[in-house]
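Novice: Residue numbers (the numbering used here), protein chains in the order written: chain A, 1 to 231; chain B, 1 to 93.
Careful: at least some of the hints might be erroneous.
If you only want the chain A side, here are some residues facing chain B, beta carbon under 8 Å, derived [claimed, not checked]: (1) 124; (2) 163; (3) 167; (4) 168; (5) 200; (6) 205.
Just so you know, these hints were derived from the structure itself, not from any lab.
Glycine included, C-beta positions come from ideal geometry on N, C-alpha and C.
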Amino acid sequence: MRLSPDGIILWQHGFLKLNATIVYTWGLMSLLSVGSILITRKLSTDLQRSRWQNLLEIVVTAIAKQIEDVGLSQPRKYIGFLGTLFLFVAMAALCTVIPGYVPPTGSLSTTAALALCVFVAVPLFGIAEQGLGGYLTSYTKPTFIMLPFNIISEISRTLALAIRLFGNMMSGTMIIGILLSITPFIFPIVMTVLGLLTGMVQAYIFFILATVYIAAATRARKPEPEAVSSP
Amino acid sequence: MDSMTIIAVASIVIAGITTGFGTMGPALAEGRAVATALTSLAQQPDASATITRTLFVGLAMIESTAIYCFVVSMILLFANPFWNHVIAQAAGK
């Protein structure tokens, strides 16, 4: 019973190991990059546009609208980082329809790397927006006693991001693996569909949480962000 | 009972109990969250986009604690360092 695709070693030379996680990550990267380059070769702004360009426009404007809804007033500054997070995790989940594919986000290495990217990006965007002094004083709001708790909460929510995504993806693949040995006909297909649904939801959650953290870091402290309280 | 048996029994029993107890709390909490979301949707249907999005984010946060319990169970069963150490000792003898 395999806990993660890190165990499938495809090539080894000394201490350099090529495991399934890395190969599938490269596959996803090339799929996203080559696909985007091919679709955006001839962009048109009149009413006649290709279907793929239409699809990409829908995706990009939806992501930008979500970023704006959470509270970042200039989504184009952040859409490079946040949009890529969402697209990578969503594509990693979507490709489970391909037989023989194991999502690389089912390995703690990949999810920890993504969470570390968010951990580094939040102070970067915060300092770019508020300056170094302004960002550091935000750790001492509301009172100075909260400083250690704010630091601990930064670390723990990064950990939570990594483990949440890893747990969801790993449990999906493990359930399918177990069911294939018990009832190998229809039920694994149903569980694969459920795995697709949870994969997309987890991609959205990862993206929204990263957006909320960046929004909290880039705005001057105001009482209660609008996205949390209902009218 | 030697230490190998104790480690095996403790790991298996605690793995089962962890998932069993760990999923009760989040299930109750998610039920309450969905019930409240449905009530507010019935009262204000035009805020449904915000309510639905906030509901999903809240559900994912609540789900995380259940996922933590599941991950601990899996580690106890499949990547148990104490078991690996004891097996390595037994194989080395």
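Novice: Determine for every hint whether it applies to the structure shown.
Specialist: Comparing the hints with the structure gives:
no.	hint	in the structure
1	124	violated (23 Å)
2	163	holds (6 Å)
3	167	holds (3 Å)
4	168	holds (6 Å)
5	200	violated (11 Å)
6	205	holds (4 Å)
The structure shown violates the earlier hints numbered 1, 5.
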